[in-house]
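Build the full structure now, drawing on both the sequences and the hints.
There are 2 protein chains.
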Amino acid sequence: MGQFARETAVEKVSEGRWRGALFEGWRIGAVPNGGYVLALAGRALSEALSEGSAHGDPLAVNAFYLAPTTLGPIDCTVEVLRQGGSTTHASARLYQQGELKVVVTAAYTDLTRLSGPNWQQTPAPDYPAFADCPVRGGPKLEFRQRIDLRLAEGGDVFLNQQPGGGGVFGGWVAHADGADPDPIGLLMFADAFPPPALDLVGLMGWVPTVELTVQLRARPAPGPIKARLRSRYLTEGVIEEDGEYWDSSDRLVALSRQTAKVRLPK
Amino acid sequence: MGQFARETAVEKVSEGRWRGALFEGWRIGAVPNGGYVLALAGRALSEALSEGSAHGDPLAVNAFYLAPTTLGPIDCTVEVLRQGGSTTHASARLYQQGELKVVVTAAYTDLTRLSGPNWQQTPAPDYPAFADCPVRGGPKLEFRQRIDLRLAEGGDVFLNQQPGGGGVFGGWVAHADGADPDPIGLLMFADAFPPPALDLVGLMGWVPTVELTVQLRARPAPGPIKARLRSRYLTEGVIEEDGEYWDSSDRLVALSRQTAKVRLPK
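Line order of the protein sequences matches chains P and L. Using our numbering, you'd call the opening residue of the first sequence number 750 and step up by one each time. Using our numbering, you'd call the opening residue of the second sequence number 750 and step up by one each time.
Bear in mind the hints are in silico, worked out from the structure with no lab data behind them. Any given hint might turn out to be false.
The list treats identical chains as interchangeable, and a pair is accepted whether it falls inside one copy or across any two copies.
Claimed, not checked - Calculated cross-link-like contacts (lysine to any residue; reagent style SDA-like; alpha-carbon spacing at most 20 angstroms):
#, residue 1, residue 2
1, Lys850, Pro957
2, Lys889, Phe907
3, Lys850, Glu828
4, Lys850, Gly833
5, Lys1010, Thr836
6, Lys850, Thr836
Owing to the predicted nature of the structure, the values given are computational and were not obtained by experimental measurement.
Next comes the structure, spelled out in structure tokens:
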């Protein structure tokens, strides 16, 4: 079992209640990464919904971040909202020491049974191979102990400390221990890249997530995930961040969008 | 008071419980439009959160659609999750005859007090004026009794019944009675355009929404809303639909994204 699977593991403590812990290694500053926290909820949902249905894969997951989490134990309540033939809806709430931290709503399915028309307007970006991309973007963050992030597009701000103004970061991301990605891992990777807002306001900016939605399209093939993140509209300190994720066979496996606030350094 | 305000009005029946009704005029086939239904929840949230704070405007709203709604009374429970200085988080649940239909999570704020950096990668699209754009896109839908929709981009599929394959619809939308838009109206307009998937699979396709997230950026100026909707990735019958909305002064006022399923005619 890889480090990500171990450090998002949850245990059922009673009907509808799960317990896990937020581990060292995933923090940005003092706060565990929001995608990592979402993945723990996603794991509890997956285990809860695999009990009563075959719907163990996230199809669409939304999280609102109410308060910063901290290291240590975390409780997750799971409520099944509606069970359907191909989709089960459920909500999850994450608490630490009784304080509500994150609220998650989700539709789960069996991604291997999706069936319908296919079309793609945009191919996967043509980046250099994972091994040939430079490691950039805040390598001193604790979070870099757990993810191996390589930038192929838009990373110059990390070289010269000057915002490039493009609002795009692209490249590759993988588990640092080489474990292969799974659908729950995609929930974490969907918040793993530095926010493109830093290419607009500079590296000292602070970009807290208000809400994050991840759409999954397929279980990823083994190997690193190729990703492109883009922001288009920063309005009075509010920004969207859109991510696209492809597996090592260049198949689209997920999309993400978050609403974030952009705070300038004092 | 305009028709939209009247037909999304809610009444507080007890602590945390609101009641309204879904009216004729808003249906697509037998089912009230999802944006209209979301707007009713948005109204209940706005009234509930204006009680204890000045946070009467949606900042980010997510809805999962569990079951189709029908005309008639609808109950809305509102739970305040966390009240902060600039943002209040809350959830709402919509029930009809005791059946849970829609689950909403939201961050509310006072949009007039947003303050921070601004940047825009893309200007508003340069469409002909509202009055000069043709009315297209399923004009026989009941929903067209309540919205005045004009297409300026990508509407050829409605003229010749042949999918254009672009995955983009753009144009204008306004309340049919000429009422000016407000932030709650933007929640409805965020699901008012025909799904761009119809330009991929043809007009007989059926595109039910799984979840819809709307980000608001500003209270809209009086006048029609300019919008562009785009889909990029249709994967085994799952598609995203991204919308951008500008007010009559070409200021970005909202973004939307939904996860939808695409069903072909049998």
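Here is what the structure says about each hint:
1. Only within a single protomer do Lys850 and Pro957 lie at most 20 angstroms apart by alpha-carbon distance; the minimum there is 14 angstroms, versus 31 angstroms between protomers.
2. With identical chains, the CA atoms of Lys889 and Phe907 are at most 20 angstroms apart within one copy only, with a shortest distance of 12 angstroms there and 54 angstroms across copies.
3. In this assembly of identical chains, Lys850 and Glu828 lie within 20 angstroms of each other by CA distance both inside one copy and across copies; the values are 16 angstroms within and 15 angstroms between.
4. Taking the shortest Cα distances, Lys850 and Gly833 sit within 20 angstroms of each other only across copies (13 angstroms), while inside one copy they are farther apart (29 angstroms).
5. For the homomeric pair Lys1010 and Thr836, the shortest alpha-carbon distance between copies (11 angstroms) is at most 20 angstroms, but the shortest distance inside one copy (32 angstroms) is not.
6. For a Cα distance limit of 20 angstroms, the shortest separation of Lys850 from Thr836 across copies, 14 angstroms, qualifies, whereas the shortest one inside one copy, 26 angstroms, does not.
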